[in-house]
Structure formats: structure tokens, C-alpha cells
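Listed below are the residues making up each chain.
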Amino acid sequence: MQVFYFLIETIIKCVVVFACLMLSVAYLTWLERKVLGHIQIRFGPNRCGPFGLLQPFSDGIKAFFKEDLIPGSADKPVFVLAPMIAIISAISMFAVIPFGNQFTLPGTDYVVKLRIADIDIGLLYVFGIASLGEFGIVLGGWASGNKYGLTGSLRAAAQMISYEVALGLSIVGVILLSQSLRLTEIVALQAGGFWHWNIIYQPAAFVFFIVCALAEINRTPFDMPEAESELACGFNIEYSSMKFALFFMAEYAHMITVASIAVTLFLGGWQAPLPFLEFIPGVFWFGAKVFILIFFFIWQRGTFPRLRYDQIMKFGWKVLFELTLINILITAFVMLLKG
Amino acid sequence: MAENFGILFQWLIFLGMAFVSIVASLLVITRKNPIHSALFMVLTLLCVAVLYILLYSPFIAIIQVVVYAGAIVMLIVFIIMLLDLEVELRSKMKVVYSKIVGVFLALLFLFGLLYSVVAKPPTGEIGSLTPDRMANNVKTVGESLFTDYVFPFEISAILLTVAIIGAVILSKKRT
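Chain order of the listed sequences is A and B. Residue 155 in my numbering sits at position 155 of the first sequence, and the numbers go up by one each step. Residue 118 in my numbering sits at position 118 of the second sequence, and the numbers go up by one each step.
Excised from the complex, chain A in its bound form (with noise of 0.2 Å):
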């Protein structure tokens, strides 16, 4: 019988873990509007229930009862999966993620662990699927036969492949000093207070990572692939109706997912920051931390401009690169001395 409790256990996790995720894109949008509208001194949406709080369900059902344009240059099904596997690959990365500590049902034994699968490769299978996930960017724009579309797209793939071999070298700093890649003992490894934290012992690599996942989530200062001023919008530039606002979704869902990472692998992802403060559940720490992290990228947002493109792969090549690389060889003498 444990398998199907398990297989229940699981449905059920899943199913939390999405209406959640979903909730969350649908006020991080808000959010984003009203934090970006305070920063340029104007009040954001104010008009849909108090503060503006309805204008995402407002906004979601414009978009379901937009009409649905294909042009008649697009690629049928390549335009039409393109969305679906930004969103799939968006949310799915959040399978691995540790998002609390473990508890006990009430009444029974049986110990529910708040993560969904657990497994050996946890922090490659982010790799592996954020890989895949640029495949919606990319394909959405060139299956549009537009050419501010493929021209977003090109400069999607070209970003997003230049700064994944940084991303994936700051964060081998984290791998050597935890010793795997599970993301459940990267985040054990960090209890205790936020001394232990791996922000503590690799400062560089945080700054590196976020760095590199603000180009990987196209968010400004790297957001070439929809620089509205001269690409009109990117590569989603022929959406409309639901697939735009999958499009929309994917990118918020994928923000959050990456501001999660950062917190798992750097913040001590569900420990609390000093130890008496453990009564509270790890929950309420992971949302804290991520909340503070996506307030940072929205607020960046208001304050810096776009990078030109060719600065922005100079900086990835010439800099970043150098710099995560340097970071490694430290890391690793540092561990070699210490033994």
C-alpha cells in the first residue's frame, strides 16, 4: 500500500505546488505593475477592487476571451507549441525544489516531506529543463515569420546560451562546498543560523548567479530579446489571446523559479536565518527570502536601462566568464588547503 500512498502523496504535492505557483504569477504581476508605478511616482492599477487586487483575474480573463490570431506566414504547430513548452518547462523546474521541512501527519505516522521528488541530480535537472526552455523563446519567434520576432529570437538563443556557461560556473562553488547535487543537502548543509549560509562563504558566486539569471529570465538589464523600443515587442511579437499571456505566465512562473534557486543554493532556502527563530514553519522562510529576492529584480528593473546588445555579450564572454572561473579555482584551493 505505501506506493499508492506515495502516488497520492504526490498528486497532491503537485497539485498544491501549481495552484500555488499560479497564484503567485498572477500577483507577481501585479505586484511588478504596482512596485514599478511607485518607483515612477504614479499608483499603478488602483481601479479593479481595493489597491488594484482583482486586475489579474480582470487581465486573465481579457486575454481568454481575446481572439486567438495565427498569421498566415506562421509555422501552424511550431507557433502553436512554442508557448507550451516556455510554460511546461517554467513549472516544472519547481519539482525539486525544497520548499519546507518535513511533518508529520496529525493522527497517523506518516511523514510528508514538503518537496516533490527528491533526487541525485536535482540541481541539473534545473539545468536540463531551463536548456529545454529556451526552446519556446526561440521557436515562438522564428515560427511567427516575423522578422522583429526571429530577430528577438536570435538574440534570445544567443543571450541565453552565452550566459548559461557562466550560470552553470558560479554555482560549482556551491556544488564543492556542499559535495552534491541534491538540492535537500545543499539546504542541510546550511542550517544554523545565516552564518552558515553559502552567501557567507561564496559572496562572488551569488552576485555572479543573480547576474546571470536576470540575462537567463530576459528581465532588464538584459532584456534584449523584447527590447520594445526597437524590436516593437520580440519575439512574441504575432501572440495574442491565451498563447501571449502563456508567454506572460512562463516568464513570471520562470522568475520565480530561478529567485527560488538562489535562495535554495545560496540563502539556506527553508532554515531560518538565526536559530531560535525555528518555530516558525520553513515555508514561511522560503516565501520570505524568495519574496525579497523578486522585489529586488522588480525594483532593479525601475532603476536600470538596457544594456546594448553587443555590450551585454562582452560582458558575458569577457567578464563573467573569467570572473565565475576564477571563482572555482579559489573555491577548490581553498577546500584543497582546509583538506
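Heads up, some of the hints might be wrong.
Stated by the list, open to error - Take a look, some chain B residues computed to stay more than 10 Å from chain A by CB distance: (1) 48; (2) 50; (3) 99; (4) 114.
Unchecked claim - Each computed DSS-like pair below joins lysine-lysine, with the alpha-carbon atoms no more than 30 Å apart: (5) B:139 / A:113; (6) A:147 / B:172; (7) B:173 / A:318; (8) A:76 / A:13; (9) B:99 / B:32; (10) A:76 / A:66; (11) B:139 / A:338; (12) B:32 / A:147; (13) A:113 / A:13; (14) A:113 / A:34; (15) A:76 / A:34; (16) B:139 / A:13; (17) B:172 / A:314; (18) A:62 / A:76; (19) A:76 / B:32; (20) A:66 / A:147; (21) A:314 / A:147; (22) B:173 / A:314; (23) A:34 / A:66; (24) B:99 / A:318.
Hints were generated in silico from the structure; no laboratory data involved. What you are looking at is a predicted structure, and each value in this text was computed from that prediction instead of being measured. All C-beta atoms, glycine included, are put in the ideal place defined by N, C-alpha and C.
Following the hints, put chain B in place on chain A, whose structure we already have.
Just chain B now, kept in the frame of chain A:
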């Protein structure tokens, strides 16, 4: 009951993935549009990755996804996107010779596969890597790479470095 359930599940996954990967690989060589071919290739590679997971080798599976499906097919798609497909499709390329050579190579490969399956029993010797050890997969692979296979590993690393330098030099020469 539960064990039978697990074995049934494994068989279902194996048969499903094998069937999908064969159909997808047939579609790779029959599609006219190269982008569609590339996409079906991704599907084939993903199905093979699932088969690796069934064989207790999640590391190989995920490397298959990252390297082949993620990086190599992405580069192929990248290059195809820069070509004008309409022109390529209209000019019926003379591919007779390459077809003959391709059929010959494919038959050779098929015979090689059949021979290797028939000549040796499919279940080989039981090595030191039992499913229990493979549970800690990444460490096992890393250890064997840096102990038993350190020479081939370093040689391939040097080969890749040389290839990268060569590609950079070739691309610099033209301008």
C-alpha cells in the same frame, strides 16, 4: 501487489518511450522542414533519456538532455533559422549520392547492432556497479571518471579545447 505494480509501471514506461522514440526518429528523417526534424530529434532524445532513468542512470539521462537536446539541437535550430527555408525547399537538392551512402551506412550500422546482440547474450557480466551503488549516481560517475578513466577523460578535454581554439581561429581568418 505493490511490487507487481512497480514492475508493470516500468514496462508501461519502457514500451511507451520506446514506441514514441522510434516513431519520432522516423519522423526526423521524413519531415521536409528541417526545424520540424530538429524538434522530433529533441523528442527522441528525451525518450532515450527516460530509458536511461529506467536503467538507474539519472546522471547520463540528464547529461543527454543538457548536452544533446539543450545545446546541440539548439545550435542546429539556430543555424537553420538563419537560412532561408523557402529557397532550400524549392530547389530540390541533388541528394541521390548522399542517399546511397546514407542507406549503405545505415545498413552497416544495423548489421553491427544485430551482430552485437546475437553474438553476445544481452545480459552481460554483472559488474561492480549495482543499482544500490548507482543510487548515489553522480558521485559514482565522478569517481570512475577520475580514477579508472582519467586518461580518456583528460584527452577528450584537450580535444574539445583544441576544437574550440580551432573554431575561433577559423572564424577570425575570414574577416
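Quick rundown of the hints versus the structure:
no. : hint          : verdict
1   : 48            : 13 Å, holds
2   : 50            : 12 Å, holds
3   : 99            : 26 Å, holds
4   : 114           : 32 Å, holds
5   : B:139 / A:113 : 24 Å, holds
6   : A:147 / B:172 : 28 Å, holds
7   : B:173 / A:318 : 20 Å, holds
8   : A:76 / A:13   : 35 Å, violated
9   : B:99 / B:32   : 15 Å, holds
10  : A:76 / A:66   : 19 Å, holds
11  : B:139 / A:338 : 21 Å, holds
12  : B:32 / A:147  : 22 Å, holds
13  : A:113 / A:13  : 10 Å, holds
14  : A:113 / A:34  : 35 Å, violated
15  : A:76 / A:34   : 36 Å, violated
16  : B:139 / A:13  : 29 Å, holds
17  : B:172 / A:314 : 16 Å, holds
18  : A:62 / A:76   : 23 Å, holds
19  : A:76 / B:32   : 15 Å, holds
20  : A:66 / A:147  : 24 Å, holds
21  : A:314 / A:147 : 25 Å, holds
22  : B:173 / A:314 : 20 Å, holds
23  : A:34 / A:66   : 24 Å, holds
24  : B:99 / A:318  : 43 Å, violated
The earlier numbered hints that this structure contradicts are 8, 14, 15 and 24.
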